[in-house]
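Asker: Listed below are the residues making up each chain.
2 protein chains.
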Amino acid sequence: MCKSDEIFMQKTIALAKRAIGRTCPNPLVGAVIVKDGKIIGEGYHKKAGMPHAEVEAINSVKNKDDLKGATIYVNLEPCNHYGKTPPCSLAIERSGIKRVVIGMLDVNKEASGGAEYLKSKGIEVTTGILEEKAKRLNEVFIENKTNKKPFFVMKAAMLLNGAIAVKGGVSKWITSEKSLRLSHRLRGMYDAIGVGINTIIMDDPLLTCRVGRYKQPKRIVFDVNLRIPTSSTIFSKLSSNIYIVTSPYAENSKKRVLDAMGVNIIECDIKNGEFDPNVLSEKLLENDICSCVIEGGSRTHGYFLKHNLYNKAYLFYAPKICGSYGAFNVVGTDAPTSLNNVNMLKEMDCKKVGDDILIEGYF
Amino acid sequence: MCKSDEIFMQKTIALAKRAIGRTCPNPLVGAVIVKDGKIIGEGYHKKAGMPHAEVEAINSVKNKDDLKGATIYVNLEPCNHYGKTPPCSLAIERSGIKRVVIGMLDVNKEASGGAEYLKSKGIEVTTGILEEKAKRLNEVFIENKTNKKPFFVMKAAMLLNGAIAVKGGVSKWITSEKSLRLSHRLRGMYDAIGVGINTIIMDDPLLTCRVGRYKQPKRIVFDVNLRIPTSSTIFSKLSSNIYIVTSPYAENSKKRVLDAMGVNIIECDIKNGEFDPNVLSEKLLENDICSCVIEGGSRTHGYFLKHNLYNKAYLFYAPKICGSYGAFNVVGTDAPTSLNNVNMLKEMDCKKVGDDILIEGYF
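Heads up: the protein sequence lines correspond to chains A and B, in order.
In our numbering, each residue carries its 1-based index in the first sequence increased by 10.
In our numbering, each residue carries its 1-based index in the second sequence increased by 10.
Quick caveat, the hints were computed from the structure, so don't treat them as lab data.
Errors might be hidden in some of the hints.
Repeated chains share a single entry, so a pair holds when one copy, or any two copies, can fit it.
Claimed, not checked - Simulated crosslink set (DMTMM-like; lysine to aspartate or glutamate; CA at most 20 Å straight-line):
1) K155 to D365
2) K188 to E357
3) K188 to D359
4) K293 to E277
5) K356 to E187
6) K27 to E187
7) K143 to D15
8) K362 to E296
9) K72 to E142
Note that this is a predicted model, so its numbers are computed, not measured.
Sequences and hints are given; from them, build the entire structure.
Answerer: Written out as structure tokens, the structure reads:
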């Protein structure tokens, strides 16, 4: 490992990030081809079904002779299986590339083994360059493959004492314009936004990403009894990216109405009066929802925290505080009786966002 | 005004800070005497009844002839009245000092007028040097004189959703060792610590400052019905600095018992079933409590917020979150029905303190 390995690996990560929020169920991957210390080719995986980063990079080199003896940098181990595209390990071997530098090994057993294959073909393989960064980049993919569930993000805007709405449910607007813009950016970075049915009824949100050049996220409503009014604002845009998670016992006539509107209905088993968290995760993954920002409300955050479903939190605090009696707290579920039974955050950090403070962390 | 004026003014502020938490009911004042660009004398006000900073600085100059034509820097306008000590304006005039540089004018009408007096005697007076810093330094004194109330500080250690205790009331320990040390340091920086009777009954705290070389703060318990058990841990140390605020209707026999223990009983009028906030402020000031850190619990923070008594907040957030149903929220009072009626913080900022995050701000 040398300094320049890290520099080129950093470049692969930057390339990979261009497709943030678009590659599900695939990982974010960038690749850079270097010869005599110079970048001669680069590419990244743009979308599932499109060529892998390694192939994009190889194709970007006009004179294929230049590939002889070159080094390829890639943040994730090249795949070794025939999926929607042929194995990248084979493409690399055939190109004449003599060294492969890898950020992290693949956690997806189906596709892994590329490093071993390449070594067996006499190609020099270096692994673990900027490994932590490579893993952070693909935290969604790792969660999907390791724990068979979407990467769930808790997002909330609240007062300093955890209130997301005052008495009567008023919650607009707690945080400042700058925080709202940032939370719209978050919507674009993940596959989906999810809210509980009470949020739909009380706030009637549109749930689109309204900043920048991000793609529109899928919109999920958790609605056990299918109470959603068909007049909800959410239906005013593109119903085909709306997913309503409901129980098998919800009214069939309502299901048919929503189905006719182009909405996707996901039926999820009920366990102890709530969605079975394992089935919920499975059904969302089946619908190519690899990551989801949960925006509340109170009961929905309570459900995800209670079942330890959250991976990450973005908590926006406005410079405000108020009485708690009758307010809606961000976590609407029973408190534990011991401080040992609370949900813990790791790597917690804070920064100012306009007038507000954003606290981030991992569960 | 020149750059060196600011440098010397900064020095007066640094000197003044040495007496933090000890000068009540007086302000924090430092003074520096400069001749030919060199500091020839300095001093600060150590405690009420002790000499003022200007006099300390003048006395520190051995050869009084050196004072002729010198400049004195002082963060607060020199006093112009006979209080416990003679006016500093007179001492300056008599010393032969030819220029006086002042941070902020005195807000205390009784003592102000020093600048005008000195000008009338032909001494050059410059005001407003580092005025904002000078005002920040004496925020307690300014609050006392301007609003006739102590400077009240809200201090709380909580979970990310505002819980200060889980179901059943357990609150030890929410935050980390490092935050605990910092909150002990806060105890030493203000005149007093205040808690509600429920905190005494549930947590049984000692309420002393257990770090550094700070003085011990006065300890206040807000206890309308005088429910405090005489076996409380708080009584295990120096009862003479304990102040129990109670109603005129509390049991006389209990008052006598506490009185015999050396505890100070402050009777405060009741209005709408609570302490009258104006009377409370007045009584505390009468007892030389110019600043007070309120450490809770829930109901006590609720009372101080409801009556807009708080000046500043130190809110410690542990990397933890839990259900709110049955937990104790930091603000135990009714929520408003409009976001326009919440308490607002200004100049809010955040930083990491060990594993926790500290959010500070002014009300």
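Asker: Decide, hint by hint, whether the structure agrees.
Answerer: Okay, the hints, checked on the actual structure:
When the C-alpha separation of K155 and D365 is checked against a cutoff of 20 Å, the pair qualifies neither within a copy, at 38 Å, nor between copies, at 30 Å. For the identical chains of this complex, K188 and E357 are inter-copy neighbours only, at 16 Å across copies versus 24 Å inside a copy, given an alpha-carbon limit of 20 Å. Proximity of K188 to D359 under the C-alpha cut-off of 20 Å is found in both arrangements, the shortest distances being 18 Å within a copy and 16 Å between copies. Taking identical chains as interchangeable, the C-alpha atoms of K293 and E277 lie at most 20 Å apart only when both belong to the same chain, with a minimum of 8 Å there against 64 Å between chains.
When the C-alpha separation of K356 and E187 is checked against a cutoff of 20 Å, the pair qualifies only between copies, where the shortest distance is 17 Å, while the shortest distance within a copy is 28 Å. In the homo-oligomer, the alpha carbons of K27 and E187 never lie at most 20 Å apart, since the shortest distance is 26 Å inside one protomer and 39 Å across protomers. Taking the shortest alpha-carbon separations for K143 and D15, only the intra-copy value of 14 Å comes in at or below 20 Å, while the best inter-copy value is 49 Å. Neither within a single protomer nor between protomers do K362 and E296 lie at most 20 Å apart by alpha-carbon distance, with minima of 37 Å and 40 Å respectively.
When the C-alpha separation of K72 and E142 is checked against a cutoff of 20 Å, the pair qualifies neither within a copy, at 33 Å, nor between copies, at 64 Å.
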